[in-house]
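Number of protein chains: 2
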Amino acid sequence: MSRPPATAVPATSPEAEPLAAHGLWSPASVPVRADLAIDTGRAITHARHLLDTGCHGLAVFGTTSEANSFSLEERMGLLEDMLASGIPADRLMVGTGCCAVTDSVRLTDHAAGLGVKKVLMLPPFYYKGMSDAGLYRSFATVIERVADPDLRIFLYHFPRLSGVPITAGLIEMLLRDFPRTVVGLKDSSGDWENVRMLLDEFPGFAVFPGSESLLGRALEKGAAGCITATANVNTAGIRATYDALRAQAADGAAKDETMRAVRKALEAWPLVPALKHLIAHYRGDHAWRAVRPPMLPLPEEEGAKLVAAVEGAGLQPLV
Amino acid sequence: MSRPPATAVPATSPEAEPLAAHGLWSPASVPVRADLAIDTGRAITHARHLLDTGCHGLAVFGTTSEANSFSLEERMGLLEDMLASGIPADRLMVGTGCCAVTDSVRLTDHAAGLGVKKVLMLPPFYYKGMSDAGLYRSFATVIERVADPDLRIFLYHFPRLSGVPITAGLIEMLLRDFPRTVVGLKDSSGDWENVRMLLDEFPGFAVFPGSESLLGRALEKGAAGCITATANVNTAGIRATYDALRAQAADGAAKDETMRAVRKALEAWPLVPALKHLIAHYRGDHAWRAVRPPMLPLPEEEGAKLVAAVEGAGLQPLV
Numbered sequence: 021m022s023r024p025p026a027t028a029v030p031a032t033s034p035e036a037e038p039l040a041a042h043g044l045w046s047p048a049s050v051p052v053r054a055d056l057a058i059d060t061g062r063a064i065t066h067a068r069h070l071l072d073t074g075c076h077g078l079a080v081f082g083t084t085s086e087a088n089s090f091s092l093e094e095r096m097g098l099l100e101d102m103l104a105s106g107i108p109a110d111r112l113m114v115g116t117g118c119c120a121v122t123d124s125v126r127l128t129d130h131a132a133g134l135g136v137k138k139v140l141m142l143p144p145f146y147y148k149g150m151s152d153a154g155l156y157r158s159f160a161t162v163i164e165r166v167a168d169p170d171l172r173i174f175l176y177h178f179p180r181l182s183g184v185p186i187t188a189g190l191i192e193m194l195l196r197d198f199p200r201t202v203v204g205l206k207d208s209s210g211d212w213e214n215v216r217m218l219l220d221e222f223p224g225f226a227v228f229p230g231s232e233s234l235l236g237r238a239l240e241k242g243a244a245g246c247i248t249a250t251a252n253v254n255t256a257g258i259r260a261t262y263d264a265l266r267a268q269a270a271d272g273a274a275k276d277e278t279m280r281a282v283r284k285a286l287e288a289w290p291l292v293p294a295l296k297h298l299i300a301h302y303r304g305d306h307a308w309r310a311v312r313p314p315m316l317p318l319p320e321e322e323g324a325k326l327v328a329a330v331e332g333a334g335l336q337p338l339v
Numbered sequence: 021m022s023r024p025p026a027t028a029v030p031a032t033s034p035e036a037e038p039l040a041a042h043g044l045w046s047p048a049s050v051p052v053r054a055d056l057a058i059d060t061g062r063a064i065t066h067a068r069h070l071l072d073t074g075c076h077g078l079a080v081f082g083t084t085s086e087a088n089s090f091s092l093e094e095r096m097g098l099l100e101d102m103l104a105s106g107i108p109a110d111r112l113m114v115g116t117g118c119c120a121v122t123d124s125v126r127l128t129d130h131a132a133g134l135g136v137k138k139v140l141m142l143p144p145f146y147y148k149g150m151s152d153a154g155l156y157r158s159f160a161t162v163i164e165r166v167a168d169p170d171l172r173i174f175l176y177h178f179p180r181l182s183g184v185p186i187t188a189g190l191i192e193m194l195l196r197d198f199p200r201t202v203v204g205l206k207d208s209s210g211d212w213e214n215v216r217m218l219l220d221e222f223p224g225f226a227v228f229p230g231s232e233s234l235l236g237r238a239l240e241k242g243a244a245g246c247i248t249a250t251a252n253v254n255t256a257g258i259r260a261t262y263d264a265l266r267a268q269a270a271d272g273a274a275k276d277e278t279m280r281a282v283r284k285a286l287e288a289w290p291l292v293p294a295l296k297h298l299i300a301h302y303r304g305d306h307a308w309r310a311v312r313p314p315m316l317p318l319p320e321e322e323g324a325k326l327v328a329a330v331e332g333a334g335l336q337p338l339v
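Line order of the protein sequences matches chains A and B.
Throughout the first sequence, residue numbering follows the working numbering, covering 21 to 339 in sequence.
Throughout the second sequence, residue numbering follows the working numbering, covering 21 to 339 in sequence.
Honestly, the hints are just simulated from the structure, not real lab data.
Even glycine gets a Cβ: it sits at the ideal position worked out from N, Cα and C.
Worth double-checking, as some hints may not be accurate.
When the alpha-carbon atoms are kept at most 27 Å apart in a straight line, the in silico BS3-like pairs for lysine-lysine are as follows [unchecked claim]:
hint, chain 1, residue 1, chain 2, residue 2
1, B, Lys-148, A, Lys-284
2, A, Lys-148, B, Lys-325
3, A, Lys-148, B, Lys-284
Footprint (simulated), chain A over chain B, 3 or more residues, beta carbon under 8 Å [unchecked claim]:
hint, segment
4, 121 to 130
5, 133 to 146
6, 176 to 183
7, 231 to 241
8, 313 to 321
Modelling step: build the complete structure from the supplied sequences, incorporating the hints.
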């Protein structure tokens, strides 16, 4: 896997607009040790590898990062360690949406205070069936309390896991009152109709499908890029496809087909342990297989099938 | 509302078996101030009132307590303040189940260290579709790390909100390895068939339906009691029914009918703000209406309808 040419970075790269986000972002996997604590060394090595091999940025502490399986202190500690290691604040988007609004304020304020102004916010996700007005009040409380004019919030729509959809009505309310702060959304619904609706209804809003399988169609309609779990292992393949699609290159369709085949193969396994298994496999580093409960590592025999399936679909082995 | 006679406390009261739980437990509502912080004074007054007017115990930091809307520090702080005010540790069951296993360990260890050995544990509730083996590993990690032989865990089954059911298979696994620690379950599914199955399959397991509407049928089959949100306002009514049903008193059926009518009336409104509205109304204390986002207080006009509905159904005004 070679690093894509520097010219492939679009003009709207983080370097050009430090508060914006475009392109391929990966919710970086977070390795844990045998005692379940975050393995900071491996986490930083992996994060750097993703940035060096094609990711425009990292959505640290998303679903694939097992964010909600770590305490606030663990999450803040890893962010501090990543920045201290030299990972640029502009290339991070930190997950800060918690069930407790005070926790969301604390994580958001912590990130912004460290110069990480882009955050990916789940709605409060324990209570279901909450009104848009109540969800608005939750996001507004975070924005008002953090009170940072440079804060940029990307809403995180993942109804299958959160059980709390981000509706068009809620987005309208937030854009009306916080147009500079609420700037985009990660759509992990897997529903093209929802992605399309967002792109149609909210021009200029930075919409990221949560899967590269929708990338082609989404880019055509003006999506900002994609934030996708599988970028943890298919970094170069997805980045090359992204670049080819944006450049309307002749090989875009073929690249897109392979990329989507790899995704489809991966989806036959539970995604978080599957990605960790693949990282462990290609790095020859068994420790990477560990996950936090309630997840379990992929059994070895399943892992072997997984490797065969994704390579059969066209995944280039990681280096 | 008068305090029930002391003789109504069953022989298996907390006083007799400090690590057990039986009877009527209330997931106490937690008042918040205008700045959304916990209103400790009002919280303690309300908790004492519930214990003085009929609750055998309090399930502090359950769903009705807006537990997941508060930070760990806020939850631990209120528990410490309640104990310092003289509320007996034996009459508390603390919600300690979080998404992050380290958080569940921290809350459980904190409670047990203060002498509050009974905890009500949600499964980790962000990830959906987790295996029983993965959920087992999560609960087992808490039990192994807290390592308190007096710890008593009541599992919290609330699939509509958690999205993560506690299955019979998971209970079997836990009972096999931790028979002294995992002792019961609050079933908030509202599904009588599930309550019945638990009572049939796990004799001796302390099953509490999450609603008094199932109390009569559940007690007949050996349930431990009920843990119910509406005990925040219909304390005396539910306790009197519980006592009458247990004593097979002649007026049990009539009491049960009124109690269930009050519950049914209440269920037409969102339960957490509705209960706070009623407490505010009967105490003449407007501050009680406040809730944490993503909930919103009941609008005044809805509140007036609610009061009329529950009184029409037979709720005795609180004193």
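Okay, the hints, checked on the actual structure:
Taken as a hint, the Lys-148 of chain B and Lys-284 of chain A pair is honoured in the structure, with Cα atoms around 20 Å apart against an allowance of 27 Å. For the proposed pair Lys-148 of chain A and Lys-325 of chain B, the alpha carbon gap of about 24 Å is at most 27 Å, so the pair holds. Between Lys-148 of chain A and Lys-284 of chain B the CA atoms are separated by roughly 20 Å; this keeps the pair inside 27 Å, and the hint holds. Coverage of the segment 121 to 130 of chain B by chain A holds [criterion: at least 3 residues with CB-CB distance below 8 Å; count 4].
Restraint check on the segment 133 to 146 of chain B versus chain A: 4 residues with Cβ-Cβ distances below 8 Å, three needed, restraint holds. Remark: the segment 176 to 183 of chain B is confirmed as covered by chain A, as 4 of its residues place a Cβ nearer than 8 Å to a Cβ of that chain, reaching the required three. Residues of the segment 231 to 241 of chain B with a Cβ under 8 Å from some Cβ of chain A number 0, which does not satisfy the need for three, so the listed coverage is violated. By the rule of at least three residues with a Cβ nearer than 8 Å to a Cβ of chain A, the coverage given for the segment 313 to 321 of chain B holds, with 4 such residues.
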